[in-house]
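Please take these sequences and the hints and turn them into a complete structure.
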Amino acid sequence: MAEETVDQKRLVVSTSPHMHDKKNTEKIMYIVCLALLLPIIGGVYFFGIYTILVVLVSVITAIITEFLAKRLRKREFMMDGSTIVTGILFALVLPPRIPLWAVIIGAAFCIAIVKEAFGGLGYNIFNPALAGRAFITVSFASLMTSWIAPVTSIMSLDSITSATPLGEGFSYAGSTSDMYIELLFGNVGGCIGETSALLILLGGLLLIGTGVIKWRIPTIYIGTVFLLTWIIPGQDPVFHILAGGLFLGAFFMATDYVTCPMTAKGQYIFAFGAGLLVVLIRIYGSMPEGVAFSILLMNAFTPLIDRHIKPKPYGFIPPEKKSKFLLKKITKTADVTDNSDQSDTNKKEGKK
Amino acid sequence: MSLFNNKQSHGVHPPGNKITANKKIERAPLPKKVILPLSQHIGAPSKAIVKKGDEVKVGQKIAEAGGFVSAPIHSTVSGKVSKIIEMISSVTSNVGNAIVIDADGKDDWVKLNKPSKIDKLSKKEILDQIKDAGIVGLGGATFPTHVKLQPPPDKKIDTIIINGCECEPYITSDHRLMLEYGEGILKGLEIMMNVLSCNKAYIGIESNKPDAIENMKKIVSESNNSNEIIVESLPAQYPMGAEKTLLKKILGLEVPIGGLPMDVGVVVQNVGTLKAIYDAIYEGIPLIERVVTVSGAVKEPKNVISRFGTPASEIIDYCGGSASNADVMIFGGPMMGIAQTSFETPTTKGTNSILIKKNTKEIENNCIRCGTCVENCPMNLMPLMYVAYVKKSMYDDLKDYWIDNCVECGSCAYGCPANIPLVQYIKVGKAELKKRGDN
Ligand code: SF4
Ligand code: SF4
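Chains A and B, in that order, give the protein sequences.
The working numbering puts the first residue of the first sequence at 1, with every later residue one more than the last.
The working numbering puts the first residue of the second sequence at 1, with every later residue one more than the last.
Treat the hints as calculated values from the structure; they're not laboratory data.
Just so you know, not all the hints are guaranteed correct.
Here are the in silico distance ranges between beta carbons for each label pair [stated by the list, open to error]:
| hint | chain 1 | residue 1 | chain 2 | residue 2 | range |
| --- | --- | --- | --- | --- | --- |
| 1 | B | Asp317 | A | Met78 | 37 to 45 angstroms |
| 2 | A | Met78 | B | Asp263 | 44 to 52 angstroms |
| 3 | A | Lys265 | B | Lys218 | 41 to 49 angstroms |
| 4 | B | Thr360 | A | Met78 | 54 to 62 angstroms |
Sample of chain A residues with no beta-carbon within 12 angstroms of chain B, all distances over it, derived [as the list claims (entries may be wrong)]:
| hint | residue |
| --- | --- |
| 5 | Val59 |
| 6 | Met78 |
| 7 | Leu121 |
| 8 | Met262 |
The C-beta atom is built at its ideal place from N, Cα and C for all residues, glycine as well.
Written out as structure tokens, the structure is:
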């Protein structure tokens, strides 16, 4: 049909939609990196510049490992930012004076075994950073239990041994409210990036504000820990949510898209389960801290949750409710008939 | 949210880009040649009743309805049938016949069959007139209107919803119609209410068209039916104009899976269709033209009335031509419209917009399970599962996730950060299931 009209131009044909939101994976990951700068700054402030070294080594190892793994799997290597996020997160959950060789081993494990061996971004079951941490904890237990007190100057490489708030030897000399404030700001012993609840909260709010994560998981997760420790006698709920890695875990790890459930309902279950596990591990378990394991355990349940918790599709009527639906329809029709009688009269009056 | 408000559906908020909202409807010059496919509607293709060499006039019936769910087609120019060709449908990509007419430029009309006493017409006469005029749903679905107006006797229609949402970006043809032909739309609605013996109607318009809402409210309040017709301002959210979301938003009812709006006593009709009904009943004019929004990368975006069968290039030229780097032409809007292979593709009854743009598709990445598609889906589905199953050819599992409930609105793919063309996977999955069902 186009014989008379010359149409040299080739048009591109593709399926709808022909329009796309500006958001893409890369942008999301870089926003997360930006938000993670806050806990990194906290880490540098409280534990000195060695922190920067740990973060850099972790990120670079992660990128190199990813590059090699993609080579091995004959896939194209792409910098989508997710590797950087994993690298940073892994560094943030390590003790401040971790030797660099352990960082290298751990970061390589995160990427090679936890992520790439499962099929790469989107296919891993466990959060890579947390699984990497668990690996180091199991393999080099002593490294993961040597904690230091916050340093006096950023340039200092001091390592004065000290207990973490959740550890056994921990005691605080001042008043309870002073302790809360120290915990909030992060001036206590602990992993590089987990001590300052305030900075993490700010980073988390940035993520929520930019729509990268939803409020659900962090709120329910932290809320569950708070409520349970409030109910259990002899526990201090404020202490429990501020101490340890709960905030970092809640805002940055449990919300990891790949390893948390997809639906709102699934996320409620996930976050509640993780909160419950934290309390059980902390109070009744043999470990002082339970955030990492609570999230890893719930990661394992995620495929199950996603299989069974599906949103109710539009127009779905469960068989037993069919009759109710019809009833509703009948009442609705009755309503309309009532109205119509009225409007009929109105109409007649109008016409007169 | 759904806990508190059962009228809420998910959706997305693409930028409106309604650049032609203030452009008055103009009449495009008469085409030199029209190509009229015999399948411009949902249902059986029409049967040609003219042959090569026949002289035809404007409005002359050139093809009969090919069944109950079908509609006749009329010549949109006066001239001579030059040939009957085979062509690929611009909507379904199926091959079908099309009648090519060379226009003589005289624009001679047939004698119009204008009913004399409109008040005296019986329902049957009105329905016949609508059917004869070849009217189909002009919102894009192109379902024959006379069929929609004859629901089976066990389905009592108690509410009519008029769709003036126009939730697709760029398109403004319905918006302009409501501003410039509001009276015709109302008259069309009155006819429809009469035919369906229904005395409750809503006109749903998105709040980003305040002038249209105001105009329709004014027209309705001045009519005899001001108590029965309610003009509703709806939030501007895509896909508000999808039948099912619209119904839920206005009435709080959900159409059961696999059902039609008439299963809950509702008929949804587009404003353009009402205008066509008005033209057919009051003027006797069959459906031969419509308002088309020409937008995107064209020199002067416009709303034009153009005859069906006009090659898109003629309409684009009237709008100053397309940008030199534009390589995509879409019939319909950017969310659900269909990309065409050639600028010569003729418009049909369903073409509400011609959108020209530059291709911006990006490469597909891995799904990161972010859940955006689930959050965006107005049908509450889990679109990412379709991708996973289609990739693995596990087509039967698609049904566990209610794939048939998908309206292909594209909200999922719109928001997917991994640029996954979800709708493409869904279409493949549906087609495969259909093929299996047929065997
Ligand atoms: S799955 Fe279908 S209905 Fe849901 S958002 Fe995607 S295209 Fe729309
Ligand atoms: S929006 Fe895209 S990346 Fe996110 S879950 Fe859906 S398919 Fe996966």
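### Message
Between the beta carbons of threonine 360 of chain B and methionine 78 of chain A, is the distance compatible with 54 to 62 angstroms?
### Response
At 19 angstroms between Cβs, range violated.
### Query
At the C-beta level, are lysine 265 of chain A and lysine 218 of chain B separated by a distance inside 41 to 49 angstroms?
Roughly 45 angstroms apart at Cβ, these two residues keep to the hinted range, so it holds.
### Query
Does the no-contact call for leucine 121 of chain A survive, Cβ to all of chain B over 12 angstroms?
Leucine 121 of chain A is in fact no farther than 12 angstroms from some Cβ atom of chain B, at 5 angstroms.
### 44 to 52 angstroms as the expected CB spacing between aspartate 263 of chain B and methionine 78 of chain A, which holds or is violated
Holds - the Cβ-Cβ distance for methionine 78 of chain A and aspartate 263 of chain B, about 48 angstroms, lies within 44 to 52 angstroms.
### Query
For methionine 262 of chain A, which was marked as not at the interface, is the minimum beta-carbon distance to chain B over 12 angstroms?
violated, 4 angstroms
### Query
Between aspartate 317 of chain B and methionine 78 of chain A, is the Cβ distance one that fits in 37 to 45 angstroms?
holds, 42 angstroms
### Query
Against chain B, does methionine 78 of chain A keep a CB gap of more than 12 angstroms to every residue?
Since the minimum Cβ distance to chain B is about 8 angstroms, methionine 78 of chain A lies within 12 angstroms and the statement is violated.
### Query
Checking the smallest CB distance to chain B, is valine 59 of chain A really beyond 12 angstroms?
Fine: 19 angstroms to the nearest Cβ keeps valine 59 of chain A off the interface.
Of the hints listed earlier, those the structure fails to meet are numbers 4, 6, 7, 8, in rising order.
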